[in-house]
Every structure is written in C-alpha cells, then in structure tokens.
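Take a look at the letters that make up each chain.
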Amino acid sequence: MDRRDGACGRQHVFLVPEYLKDASKKMKNGLMFVKLVNPCSGEGAIYLFNMCLPQLFEIKVFKEKHHSWFINESVQSGGLLHFATPMDPLFLLLHYLMKAGKEGKFQPIDQVVMDDMFPNCILLLKLPELEKLLRHVTEEKEIDKKKYYKYSKEKTLKWLEKKVHQTVAALKTNNVNVGARVQSTAFFFGDQASIDKEEDYIRYAHGLISDYIPKDLSDDLSKYLKLPAPPASVPNPPSKKVKLSDEPVEAKEDYTKFNRKDLKTVKKNSKMTASQKALAKVDKSGMKSIDSFFGAKLVKKVGKI
Amino acid sequence: MESSDEESVHRRRVHLRPFTLRSPAPVTLHLLPCEVPVSRPAPVGRFFTPAIRQGPYGLEASFRGRSLRGEEVAVPPGLVGYVMTEEQGEVSVGKQDFSEGSEEDHEVMESPETLERDFDRFIGATASFSSFTLWGLETIPGPDSKVRGALTWPSLAAAIHAQVPED
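Protein chains in written order, with this note's numbering: chain F, 1 to 305; chain A, 306 to 472.
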C-alpha cells in the first residue's frame, strides 16, 4: 500500500488547465495560492497565480451535499471538486479602481492597488499587458512618461456589455438552459429542446458577470443592457443559524448518511451575499468561490520532543 | 500570538510545488453519494473495489449495505485532474525540490526568498487522474447529475474571462 495515500495531510481534488502541467516543467517556483478580494462581495477568496506565465486563476469549488471521495486507499470527507480556471484580472483591478475612483483623481496604478486586508494584491501588478487592460475601464493621462488612471463608469459599462455578449455566445454553444421555466435547476442541466429567448440569455450572462462586480455596478449594467426589472423578488427564506433540515438528526459518526434522492431539494445557502440573492436565477448548483481552503488551524505546532 | 497568526493567514501564500505536477502517479477516485465525516486511510481496495461489478446498466457496488450504481466520468478535454496534499509541519524557506530541477529550470523574476516567506505553506500534487467513478444511490447519476453540469464550468468561465476586443 502506498504510504502517501495514508498521509495525514488533507487531500484536495482539483481540475486544472492542462497547460499548467507543461508550464510547470520550466518552473522551480512561482505557482501559489493566495487570498485576494472577491470583487463581488468584498470578502476574501482564494486564487492561484502562475508567476511564470504570468497568469491569474480563479478557484471555485463544487460541493454537493452528502458526498465523499475514496482516493486510492483513503477516504476524504466533503466530496469537494476544485476548479482552477483562468480569470480576467481586470475584475480585481476594477475593484480597486472603483474604490480609488471615489476621490475622482488620476492616480498611478501602484497607488490604487493597495490593500491592508489582502496585501498579496500587489501580485496583480506583475500580470502582463496591464495598460491594455486598464484602458477598458479607465481614463488615462501620461505625465513624464508615467501613466495615471481614473475609473470611468461609461467605459466600464461598455466593457461589461462586451463581456455579456461573449458569455451569451458561450451559453448558446454549451446549450445551457437559461429559460425561466427551469430556474431552480438552471445552470448545470445541459440538454434542452426549446429555444430560449435572447433576453433570457442576456439576463443569465448578466448574472454570471455580476458574480465579479459589486451590486451597484451590476444594477447599472442591467439598466445599460435594457433588461426589464426582474419580477418582484422572491423573498429569501429567513436565514437560520441552525442547520436547515428536514432530515432526522443523525449521529456525527454515521457512515450511512446517504444522499437520498427524494431529499435532493436545493437548499439556499443562508450566507448568500446581497448580489447572490439578487441572482437567485443563476443557480450554479453548488459552485462557489471559497475564502478558506487551507485551514489555518491545520498546522498544529508540535511540541518539543 | 493569535492575532499574528491571523495576520499571516492573510499574507500567506500556499506554494504549489511545480515539479509535483510533472508526472504524479495515477490515482483511483470514487465520488460516493454519502457523507463520511472523517478523512483518513481506509481499506478501499479490500472492501469496496472487489465488489464492483459491471451490471446491465452500468457499474454496481454496495457500501454499508446500500446499493450503488456508478459510471466513469472523464475529465473534460483541456483539463487535468490532480489530488493535492498539503505538506505538514515545518517549512524551510527556499527548500529546493528533491532535485528534479535541472539546468534549464529558470526561476521567476523574484528570487525564491521574496516569493516564499517563512510563514508560507506548501502543497504538492500527489496523484493525477483523467477520470473518476461517479456513484449514485440505487440509480446511475447520469447526464443530469450536478457533477456533470459542474464539468461545463471551465468552458463558461473561459467565455466570461476571455479578453474583449478593443474598439
């Protein structure tokens, strides 16, 4: 039996782009997971940097209730599946530009991208073609060969509109069912015979993009796209501290806690952010960004021998 | 002590050792439709795997007296699967890989001393996979399963995050 399988370190099941494997051949270091801001919620989220390419990756985790992994000769609870996918760093830069934009001044980008909460944000400044990216969302000035930037809402909305349209195209290619009839199960159910309305696609794509921008900007984008106001919002279930459950209370160590089909109703996460609630329509069925990944508490200092 | 730990968590970087991605051993993965509250070594090969049979509608197995139906799910093209394991204990900064590094390896613009700091942690791929077995309780999960849907996320993410053309 391979000893590594029995290692006590936590095991994470990941899907990553294949080219990372090739890129790793030329690297000794420079691949790292860091915590940066989630541009939608303002809270922390885990990202992966490849400082060699260099490129930013978003980490999302898929979690379905009552699942576990068997990994060779070991069991890993939770059944989490992590995805690392390339991310447009402009969403993160935009978060800082909008914050700085409130002062209405032109500023050098290295003075904009600063964060006491997430000091690793300075890694963003090492990404390629920053100037080209910034042009989509800022006015710029050049004084003494140094560039100064100021957030531009008009340009940002134009940029986001293009994002929405390219996402609509991908939704169509992937046959994602965006129709209103299937809201609750929308995202991950592929096949559909009916033809969805263009507006449904735009609304859906708007929802996806809204996961990367603050709520106010998402509302402005909705108007900009001339999306009709959504029907009176469905009241959210009151959030409860206690575990929402229609199941009998089960013992912690019960190995037979199975995922019963008849109980597979999707329960809303009581910790949804405001914009997530607004986006109830976009049900990504368990796909979430995560803010903790490597438990801080995991490393227990081992006492002196 | 507590607060400085807290702070270093925000500043912390978890370094993924690149050489571990090169050719990790293949792994056998089963995604089970049940909750197991612990993570630890388990005699999967002794009790679970031998009972897997090919039935008329897919794979059949049983676990803790329940009947399971399963199917192989391939990792979508363009992606590769890894099992990553956190390294335990003390980390020495700048610790080099056990030597798979060759002359052509080049380091990135920053020296390891600045990329890797003493409060950072390390993680490595311990295995890789190109498919896994997805199990459903009594029925085959099938194309409508949420996991299958989740596998389309990378192509959607690609569209969301692709650069838009300039005017």
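A portion of the hints provided could be inaccurate.
What the hints assert, rightly or not - Covered, in the sense of this in silico footprint (three residues per stretch, anywhere, with C-beta under 8 Å from a C-beta of chain A), are these stretches of chain F:
hint, stretch
1, 55-64
2, 95-109
3, 143-157
4, 204-213
5, 216-222
Said to hold, decoys possible - What follows is a list of derived Cβ distance ranges for each label pair:
hint, chain 1, residue 1, chain 2, residue 2, range
6, F, D22, A, Q468, 14 to 24 Å
7, F, K26, A, R316, 23 to 33 Å
8, F, K26, A, R371, 42 to 52 Å
9, A, G350, F, K126, 38 to 48 Å
10, F, D219, A, Q468, 22 to 32 Å
11, A, G350, F, E129, 42 to 52 Å
Simulated from the structure, these hints should not be mistaken for laboratory data.
These numbers were taken from a predicted model, which means no experiment stands behind them.
Ideal placement from N, C-alpha and C gives every residue a C-beta, glycine not left out.
Structure-based check of all given hints:
no., hint, verdict
1, 55-64, "holds (count 4)"
2, 95-109, "violated (count 0)"
3, 143-157, "violated (count 0)"
4, 204-213, "holds (count 3)"
5, 216-222, "violated (count 0)"
6, F:D22 / A:Q468: 14 to 24 Å, "holds, 21 Å"
7, F:K26 / A:R316: 23 to 33 Å, "holds, 27 Å"
8, F:K26 / A:R371: 42 to 52 Å, "holds, 48 Å"
9, A:G350 / F:K126: 38 to 48 Å, "holds, 45 Å"
10, F:D219 / A:Q468: 22 to 32 Å, "holds, 25 Å"
11, A:G350 / F:E129: 42 to 52 Å, "holds, 49 Å"
In summary, the structure is inconsistent with hints 2, 3 and 5 from the numbered list given earlier, while agreeing with the others.
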